[in-house]
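Enquirer: The lines below spell out each chain.
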Amino acid sequence: MNAVSSAPILKIANVVAGYTAGHPVLRGVNLIAQPGHITGVLGPNGAGKSTLLRAIAGFLQPSSGRIVLGDEDIAALPPHRHMERRIALLPQGRSTFPELTVAENIELGGWTMRGDRARLRQAVEAMFARYPHLRALRDRPAGSLSGGQQRAVEIARLVIGDPKVLLIDEPSVGLSPIVAAQVYRELEALKAEGRTILLVDQDVRAAIKIADYAYVLSSGRNDIEGDRSAFEGDLGVMVRRWLGV
Amino acid sequence: MLDRLAFIITDGILLGLIYAIAGLGLSLVLGIMGIVNVAHSAFIMLGSFFAFELFRRLGLDPIISFFLAMPVFFLLGTIVYRALLTRIERVSQSQGLVAMFGLMVLIENLSTIAWTTDTRVITAAYTNASLVLGSLYIAQVKLIAGALALVLTLLFWAFLRFTLIGRAIRAMGQNRDAALSVGIDVRRLSAVVFGLGIACAGAAGVALAMVFPFSPNTQIQWLAWAFLVVILGGLGSVANTLIAGLIIGLLQSLSTAFLPFDYVYLVLYVLLAVILVLRREGLTLVVKRAI
Amino acid sequence: GREALAQQQPIVIGGTLGLTGSFAEPSADYKVVYQRWLDEVNEKGGLLGRPVKMIIYNDESTPTVAQSLYSRLLDQDQVDLVLAPYTTFIGGAIVPIVLSHQKLLFNGGFVGINIFKHAKGSIIGSYTYQEPDYTRGLFELIKGLPEDKRPKRVAIFAAQNPFPIVVRDGVGGVGGALNFAKAAGMSVVLNEQYPPNTTDFTGLVQKAKEANADMLLELGLPNDSLQVARTVKQQGYKPLIFCTCGSQVTTLSAWPKLGSAADGVIGTTISWPSQGYAGLTELADAFKKRGDDTLPTYAIVGYAILQVIEQAVDGAKTLNQGALKAYVHSHEFKTVAGNFRYQDDGTPVFSQVVLQYIKGKNQVVWPKDAQTAALVTPMP
Amino acid sequence: MLSLFFLPSSDNGSTRLRRLLVWLALSIALIVYGVVGRQLFLLSTLSTVFLYVVLTQAWNILGGYGGYLNFGMVTFFGVGAYTSAVLFQYFELSPFLTAPVAGLASAVLGVLIGIPTLRIRGAYFALVTMIITFAVQTLVLDMPVTQGALGVYLQPVRLSPLGVEQLFYFLFLGCAVAVTALVYAIEHSNFGWALIAIREDEDAAEIVGVRTVEVKWIANAVAAFIAGVVGGLYAQRIMYIEPSGTFAFDISLNVVLMAVVGGAGTWQGPLIGAPLVLLVADMLRVTVTSEVNRAIFSVIVILIALFIPGGVMGVWTRWRRRHKPKTVEAPS
Amino acid sequence: MTASAEQPLLAIDAVGKRFGGVIALDDVSFSVGAHSVVGLIGPNGSGKTTLLNVINGVFAADHGEVRLSGIRIDRKRSCELAATGLTRTFQAARVFRTLAVRQNLFIPLLHQSALDRTAASARANELLELVGLTKHAESIASEISGGQQRLLEFARALVSRPRLVLMDEPFAGVHPQIKTLLVRCIRDSVAREGTSFIIVSHEVPDLVAMSDFMVCLVEGRTAATGSPATVIQNERVIEGYLGRA
Ligand SMILES: Nc1ncnc2c1ncn2[C@@H]1O[C@H](COP(=O)(O)OP(=O)(O)OP(=O)(O)O)[C@@H](O)[C@H]1O
Ligand SMILES: Nc1ncnc2c1ncn2[C@@H]1O[C@H](COP(=O)(O)OP(=O)(O)OP(=O)(O)O)[C@@H](O)[C@H]1O
Ligand SMILES: [Mg+2]
Ligand SMILES: [Mg+2]
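Residue numbers (our numbering), protein chains in the order written: chain Y, 475 to 719; chain B, -7 to 283; chain D, 60 to 439; chain G, 191 to 522; chain F, 2 to 246.
Heads up, a few of these hints could be off.
[Stated by the list, open to error] On the chain B side, residues computed to face chain D include the following (Cβ under 8 angstroms): (1) 113; (2) 118; (3) 122; (4) 213.
In short, the hints are calculated from the structure, not lab data. Keep in mind it's a predicted model, so treat the numbers as computed, not measured. No residue lacks a Cβ here, since even glycine has one placed at the ideal position from N, Cα and C.
Full structure from sequences and hints, please.
Expert: Pasting the structure below:
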């Protein structure tokens, strides 16, 4: 099915995971992310998309199944070890450090560079250059920013860590159209830099537009999948199918 | 009059420095980990006995013990963290508090068994001596303890303020998951924070033992002082803790001089009430989060 | 022989001590002498030919706990003789329970003239002076000093705790440092009380110094008194007389550790080996092992009350409480605290020793007949 | 201002009744024992249990349901005790009569303290309430009417020892039953739900229409009132009160401990926690008479706090949820 | 202005609010009639959330007035306003975490002393059905997905049959299919119950379709007001917010 034949960078095989023992949320999910591609993960509310990303990022221990990054099974790895392997999560909802300033928030995104303070400082400046609208907010505590401004800080904090694989959960929520469009352009730029992106988004149209390949989850299981053309062709039908209406 | 004022102020400042370090570790652990370490004063007491034993057995001066206490108690703190705190972080706040109280009582009782409840004092060469400036007598031991307290406070302040780890420590307190996802090893860093808190308690215990009598069962009085400092200073800010300690020390020496002594504490509590009415989280201005 | 003794139903003496909590320090001293007495009496063949057993619970320095434990001692354990717990505020709470069970309370644990009076002789004490008389010996001593060595201006620090307050104020205009000072023609230039948990006394001592007080009375607990003594030294304050007249702190093991700050400080206690009471030297020797020249007052009174029990039971040949009460009130007892004669309220007749800590030793400076050294004044 | 009404409950009526019956049977057994029991010691231990049930239930209102951890319950208790004692000292009024006044005095204090403190959340609130105990204690030490450190003596009740024990047994039992009933009612009323909403998210609760400030004040005042009433009765029971024992921090701590052991935020929690803690402590006290008993007790406390989340009631509800088939409602 | 000639339901008059140096709202005025939906748009950080916060009493305005049915409400507490029929949702979902989903819906009813239990239950069930949470009704609120929590908030705002609802990005992270249900539900409430809405959303097409009136804030000022069609044609709105497609 998969058009690209290079070795997948991230491979999820038969993952079963949940929050309480005996009640799995993910009930055997399979997924492959090709390097340098954007892979969409779609599905109705409560399908288990965020749970999947959290499991990949190490916040949840799968009770069975494998999560393979490159050629290493990272399923049992604690979350903070993921950044060393340059795989990073942008979680759903708010996740700034509210009492630290915007600059400090972004700086901490480069925690793995902590050995080299000069480089880190440069990287922070590079982020302000890349996201100029954050510059004015530089010394404000992140908790006092508006919802969209906080999301922007989070994205900058993600990017500064220079991850190879990005797990992104609803990047554009709360962003105004201009900024949202920028974010999608940014995702494409990240892809162009050779990074791999796993994108969860409710904005199906936007997601399909930039995703190379997309999976649909429903009730913690794989539903349908396909590449961009497959989805663009018959979006309405697809949407109706996921809902099982 | 002038030398009286000078006396009041120096005495207040020295006292305030000592109070400040009694509260410093507590403030740190509470502000960052959200854990009210009521066993704090028990660790202070252990610090005092640490100095006592080194003094009794090896004749080691408490000034040296002060610096020895930091690594030793840091280690102790990380061990306690691994044994207890990793679980406390997972239970509800009330249960965590109760567990910490259990720890306090346990330490107190084990110390009673080890050292009996006799009141102890450490008398070093300088303990009974004073610096005499005209009619002004300043106890040397307080000068030394005050200086040590200041050093400790500055060390902490610089650490939290200027190092990236310090920033990561603050970040961890604000959003644990986010800290994890930028790659911060939260468990390890929490152990460091708790270790630092206990190191601070241990060092404070040494400083207190230089100045005041101590015994395993009177440790709890320091809890009250530490609380006072923390409530006034707010959580997790070293500078504010220092300021709070100084305010309390100065207020105590001022009101001692001009009021009947038993009102000193009332004055302190009134001050506290005023602060709480004016700004609810002590001197620390916490960011009101956007809704 | 021992065998026969062991087979008999033991006589049970019960009580509590605050082995943990705020009163653990004195309670520990009691525990030591209780055990010592128990070993001795059983060695000698027990009481009334029966072995003696002791049940001492830990009341955690908490009155409610003590109450429930005394109920248990009286109801469940059916003790024959009841010992008081340490300190007035625990003792006050259990007195009604004990008395309502028609038991005598053998009290080596607390002073409290009011409580004694209420009980109308059913509390048998071993403290030879109650709170109003804590400073009596000191003022008697001062009366005997030459005019130029007598202090004129008194400063008083009292801990906010029931007993130091009565030590200062007396009861119903009788006794108390304030009254004694007035009677001796001194003026009280500073009268301060300090709360529990007071850490630092520099300001307070400074006040006394500024008031030119030539006599300082520290009425407090061990912790406070140690710190006051140290601060007095640090502030270069040298009154003619400095007495720690609250808890008998100069006889505790920490006192010598104060170094030069300990020197010249006056304290009071119940009795001292120089008075020649039988057994007191041996008791002092037992405590010497714990620290140089310390004989805690608690040890003396704790041991003495058991001697009273021993002599009363042996003398009256019964455990009947009424008979014991009558016996106690009509006989003399030879104890390490002195030779007791009981007054109607159940307290022994006043006797006291004033000590001064000179060159690393407690010396008796009053009364004259037990004196081991002359008073050194002003303080060194 | 705040009307009280009951919300729809998911429990069905008959199981709830059956569960209530267990408690009812227990209270009847206790009443019978109070009449026929002759062991003073047991009577007195049980009345201490009841006393703590009352205090823990009072704590439970704001602490358990509302999530405001008051580590200074003894403040209200002590103020109640002192109010009664002082009224006796100056007006010869028996604490049996003045206990409600003692409650009122505590409630007033509760409201006064509540104004600055109930805006403070989380651990910081726990700290502040601890300090308030010290502050009130200092005040009592310094005030002439309370006779400072000397304390106040009250008159013994003119009854036989058994009579006295029975009197307090029934008084405290009565209070315990009444307060438990009140807490039960609160749990099932909109007031209780409002407290729970506050515990969960205070801002959201306020915005959704819960009068958070009033609810917290009332909860605090009610708790203070209850603690004050039993404080007044306690003064009569112990007959001599003075500041350090009456405001002993241990009491505050015990209350929280009992709530945590039994299960905070449930009306059954205090009924389970208070006897359990007291009995274990008592057992240790008489079996291990040295100071080691407190060390053992503290280890038990630590283990319970760490390994039994939600206390006994937490274990029970989790067990039930696991063993009862989940009734899934059919969509209409 | 809105059509109704008589007194508007909500009148916002020259409201200003600043945080330290940040001017979040500057002289904002508009009004909301009964039975109407007002769409509130604007770039990130333009003051939309702040405006909602001022209306329902979370923040006090520095100056200006807010009137509900002619009565000043800008110094009133949020709980009093809720009792008079003003409710809201939050930009970042705030549910009562340890309560069951159904119990969450009861909280807004607490202040309605004249509660008919069966009616309340029926209403709760109806809304749960609408947002697709029926099968999660007994789940603990913290154990549903991020999107579902937002849906729960939506239901919670409507359960007490309010007069005016302030919604902060109700559609963010909501599945397209459910979004259409929400839109329909809002229309129904307006039509049947006469509820009015102020809806903040960055999903402009949806908002345009459902609003009677639209306001665009830019940097705390009203950049444009009027019918949705005119507002989105406005040059300043396109410049500052929508971007040129
Ligand atoms: N509590 C606060 N303290 C300081 N500044 C604040 C606070 N709340 C909001 N602000 C500032 O006020 C301005 C308006 O914020 P607001 O949250 O109202 O924006 P918004 O229009 O809702 O944006 P978004 O679409 O991103 O949610 C922003 O610049 C924000 O940083
Ligand atoms: N913290 C939790 N504890 C227990 N169960 C949870 C938790 N979070 C989510 N779940 C369960 O997992 C299911 C999937 O949640 P998840 O957050 O992965 O959904 P999602 O696909 O991201 O949905 P959305 O688009 O709404 O964010 C939920 O329906 C819920 O039943
Ligand atoms: Mg999600
Ligand atoms: Mg907003």
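Enquirer: Determine which of the earlier numbered hints do not hold for this structure and return their numbers in increasing order.
Expert: Number 2 - this is the single hint that the structure violates.
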